[in-house]
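My request is simple: use the sequences and hints to build the entire structure.
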Amino acid sequence: MALDKFFRRRRPQVNPVAETETPDLWGKCPQCKENVYLRDLAAGAYVCPSCGLHHRLGASRRAEVLCDSPLEQWSGRVHPVDALKFHDTESYPERLKRAQLKTGRPDAILTGRGSIEGVDVVVAIMDFEFSGGSMGSVVGEEIARAAERAAQMGLPLVLVAASGGARMQESALSLMQMAKTTIALEALSARGLPYISVLTDPTTGGVTASFATIADVIVAEPGALIGFAGPRVIQQTIRQSLPEGFQRAEFLLEHGMVDMIVDRRQQRSDLAKLLRLLMHQPVPVAQAQAASSQAASTQVAP
Amino acid sequence: MALDKFFRRRRPQVNPVAETETPDLWGKCPQCKENVYLRDLAAGAYVCPSCGLHHRLGASRRAEVLCDSPLEQWSGRVHPVDALKFHDTESYPERLKRAQLKTGRPDAILTGRGSIEGVDVVVAIMDFEFSGGSMGSVVGEEIARAAERAAQMGLPLVLVAASGGARMQESALSLMQMAKTTIALEALSARGLPYISVLTDPTTGGVTASFATIADVIVAEPGALIGFAGPRVIQQTIRQSLPEGFQRAEFLLEHGMVDMIVDRRQQRSDLAKLLRLLMHQPVPVAQAQAASSQAASTQVAP
Amino acid sequence: MSSPTRPTAETLRTLEAHIRDLEGTALSSGQNLDAALSPLREQLERLRGQVSLSRWERVQLARIAGRPTALEYVERLTSEFVELHGDRTFGDDQALIGGPARWQGRPVMLLLQQKGRDTKDKIRRRFGSSNPEGYRKAIRLMDLADKFRLPVVALIDTQGAYPGLEAEERGQGWAIAQSIQRMSRLRVPTVCAVIGEGGSGGALAIGIGNRVLIMENAWYSVISPEGAASIIWKDSAKAPEAAEALKLTAPDLLEMGIVEEIIPEPTGGAHLDIDAAAAALGEAVSRHLDELGTQSPDEWLSGRAARFRKLGAFTES
Amino acid sequence: MSSPTRPTAETLRTLEAHIRDLEGTALSSGQNLDAALSPLREQLERLRGQVSLSRWERVQLARIAGRPTALEYVERLTSEFVELHGDRTFGDDQALIGGPARWQGRPVMLLLQQKGRDTKDKIRRRFGSSNPEGYRKAIRLMDLADKFRLPVVALIDTQGAYPGLEAEERGQGWAIAQSIQRMSRLRVPTVCAVIGEGGSGGALAIGIGNRVLIMENAWYSVISPEGAASIIWKDSAKAPEAAEALKLTAPDLLEMGIVEEIIPEPTGGAHLDIDAAAAALGEAVSRHLDELGTQSPDEWLSGRAARFRKLGAFTES
Ligand SMILES: [Zn+2]
Ligand SMILES: [Zn+2]
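Chains as they are written, first to last, in numbering that gives the first Met the number 0: chain A, 0 to 301; chain B, 0 to 301; chain C, 0 to 316; chain D, 0 to 316.
In case anyone wonders, no lab produced these hints; they're calculated from the structure.
Glycine included, C-beta positions come from ideal geometry on N, C-alpha and C.
Some hints here could point you the wrong way.
Said to hold, decoys possible - DSS-like mimics (lysine-lysine), calculated; alpha carbons at most 30 Å apart, straight line:
| # | chain 1 | residue 1 | chain 2 | residue 2 |
| --- | --- | --- | --- | --- |
| 1 | B | Lys-96 | D | Lys-146 |
| 2 | C | Lys-233 | A | Lys-84 |
| 3 | D | Lys-233 | B | Lys-96 |
| 4 | A | Lys-101 | C | Lys-233 |
| 5 | B | Lys-84 | D | Lys-309 |
| 6 | D | Lys-233 | C | Lys-309 |
| 7 | B | Lys-84 | D | Lys-233 |
| 8 | C | Lys-237 | A | Lys-84 |
Claimed, not checked - Chain D stretches covered by chain C per the calculated footprint, using a threshold of three residues with CB under 8 Å from any CB of chain C:
| # | region |
| --- | --- |
| 9 | 84 to 95 |
| 10 | 162 to 176 |
This is the structure:
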């Protein structure tokens, strides 16, 4: 039953305490309906080996898939507050508590220091499991700190976006995080350090309209929904159905909005390659040898 | 007969020696077919008083229409040469000689210092009468010098474009003028001095793809044909007829390419207003008085 | 009327209608009705002073027919406005316009969200909701502002960026993000004023001010009350409740530290005396421009960054 | 063959065809025909050394089927090429592509005009003619090059910018002008090489090099020979005459001071030995990058400006 739920939601839903343990079980892919052995799924970066569906990932699993080894975690000390005494169908503190219990983190963001194929990086990963990855004051603050600290340390920033947008429960304070994060990223620009964003399913609203899309290089995951206005709102505006593939990563590539779509299983090597180039770092020894022997074979004198 | 020719060509064609004299005669506007007294036409900046057709102007007449008083002329000393020994149906020197006789200037450009409603400016005016305003080495050199000298003198540059594009007879040397002019304009940018271009009928080819379209503010004359590729070439590419109004000033405004379309009779006052604003110059005394009395009437205390 | 309850905005509107009717009758009949009109007018004025507007009533005032649009203020407060057009890439947006002007005599670069004044104008301007071209034009104007050292004055009045299919195709989110980034990089002072509606990222795109001001009956929020109501209760008719929850009024924003100052409106709203509303807006913007005028480009840049860097509410363990 | 006249390119092609036919027969029949083939091959080599190509013949070589495209050089000369896509505004042009890579080991930013290799690819890339999106992508890549201090290597190969209706709507001229301007502002060294066709402003848009090189059989001109012939004689079939008049070959351009160096091609053209052609291109570009590497950002900027500032031919009275 837990597995059914897992697939129905199109993302791994597990006990946060045991998030890194994968049950020894089979499941059915919601897209291709093939049976997948869950440990194979985990070993393959949670991409369906049959159809390539990129399952949604919580922040911890994302960090595992992206980085060489466990992060030196920075986030966790900044906690949200209910500055506006927001109450709709439940109170904001109740909502927060539920999300905190579910994910084991104070808000929808994980930041820290790590490495990708040997390249030292600062990573910031949004957690869609936490209240739809919505951006409030804590998400904004942690991203701003990660950017500033990366700049101080001379490290590049890799940010993984997954968010429904700004967090309604903090109203204008959430809105201001769009400005705050954008401005904090200037610290990286000022030092000529790369900032790469990885847009995953889904990335919409205020996140798309701020830090996620001003990266030096924008990578998207295959099939990810990425946009500013949500599809339902647009449909209400234009009063006709939206075209097939609208706001998907492939659509955005075609419209010039993302630099590349990279299969999750290829992301570590592609990001490392790109970061090394932008930071004038040498090719790792093993790869350099392969490359030089290839180059030699093509450098025939005229 | 001279008048017939005048209107058939849609631009004043007069003996260059007597260019500033206007014959005491009537003519028929080629667009609205109304009879126009030529002295009225001249007094109205060569815009048809009935239909608003903006007649093409040679560089000298343009300078008269644009500036407060005769220019301190800078151009005239740089002369074209036949570096490529270009020969098609006639030789390049023969072509040049004809154009020089017709216009009384060495090449398709007039530059100098003047003023527009009291604002000191450097002006560069292309002369469509000279070989279709084509840009060769001399046009490039004179524009580059005008820009550099304006920067040295702390003056803004107003450039009036009218050109079929780069000059074929100087081949790659003409092409390089696109780079040379663009680079020379950096001198103005470096000093924070305004550069305004006025695109007139027609402005196409290499001029559109270089100095004319990197101005701080781009003004176009009503109805002017402005584009990179010529309409005939595009028609051959798409193999269907072009839409009404394609590549006209109004079309370009709609497509976000020009800042404003300004009737020639309004250009002096609009350019002066804009230049004063961009250069932090005060409003002239007469206008300031009118404005302050207006402002006073609206500044009622709440 | 003898009830001790505080008057609502609705009461005021009813009284206003009575007065208009009486004035009409007086005019058409030639009868002098001042004996009745005077006390009515006085009572209205008295009630206006007492009225306590709900958040939703303020939202309605921010949208009321006849509320001055950006251009109505610009006409009253500037001379020599030269509207510049186009993003040099795709089109010319009519919902976000701008150009250099003299703001009560000072050369500035204006960025204006313009809703439109009659039906045709409103449609042409998409009721103040920009396509990406609007933000790209704003970026171009900010480039000019930097180059020619013109302070930027931005008047914010939009329900949000336009949620259209083509807007998404051409990168609405990208354009807004770039506009925020460009504005944060300006080496000239920026003064922003929310004059009506401040809807979400579409408003913030030109809201990176060294000073951010708001008119008394304007609102500024991460989402419109209707949008929030649709999400919370699946019912946009619950907008009044959402408006309360979102705390989107001028006093709320002042308390949160999101705006520096509330610009007072004429009693009953800016639409009742546009000249007076303009005078208050003009005075406030000019005063902030003058104050900022004593700083250096580095201070404008770092001051703006510091202003936004500290916004947010959280605790730290 | 006993004629004392210099061989033409046509003669060479006829001889090549004979040799291919004989080789085919040898292979299919199993007969050893070396006795005939060897002297033929020797004669071909000898003639290749003597051949004097007309300007039009060079234009034809620059367009010959099988001539290496930009990506064929990139595959041989770079490692870790990461192609970046899109102009962040409207689309992703396939005729002008680029991204960071290691050029014979050196990190650089590549700008490539890519014509396409098979029919489908050629159509997708509009035979190497960009829309405005291509130039806007190039500008974006130049921004990255500046930020990350990556020298720019541009390989030019286009008959010109695409002359389409939509290209005009979206500002083809504007995009080219902005690309020229952006490239002239780079604070990194730029090395450009015309590898095939250098057609007009569409080529110059990425041609603002500290050094501009040209392959032996490439051309570079303000207009294509066909375009010039159409204008002069109203007959594009007179392109050979126009090519002569335009003086568009590598030696012509070297003489005019428009290029710094001619990169030799394998005898008969780059298509006959792509590896050798790539080696020559790689060596020349790397050598210029290394020479420029000793300068400062100010020197790259001012050196490039000075280089173009002095181009042109005129007299002064
Ligand atoms: Zn599957
Ligand atoms: Zn007429």
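The hints, checked one at a time:
no., hint, result
1, B:Lys-96 with D:Lys-146, "violated (50 Å)"
2, C:Lys-233 with A:Lys-84, "holds (21 Å)"
3, D:Lys-233 with B:Lys-96, "holds (23 Å)"
4, A:Lys-101 with C:Lys-233, "holds (25 Å)"
5, B:Lys-84 with D:Lys-309, "holds (20 Å)"
6, D:Lys-233 with C:Lys-309, "violated (69 Å)"
7, B:Lys-84 with D:Lys-233, "holds (21 Å)"
8, C:Lys-237 with A:Lys-84, "holds (18 Å)"
9, 84 to 95, "holds (count 3)"
10, 162 to 176, "holds (count 3)"
Checked against the numbered hints given earlier, this structure breaks hints 1, 6; the rest are met.
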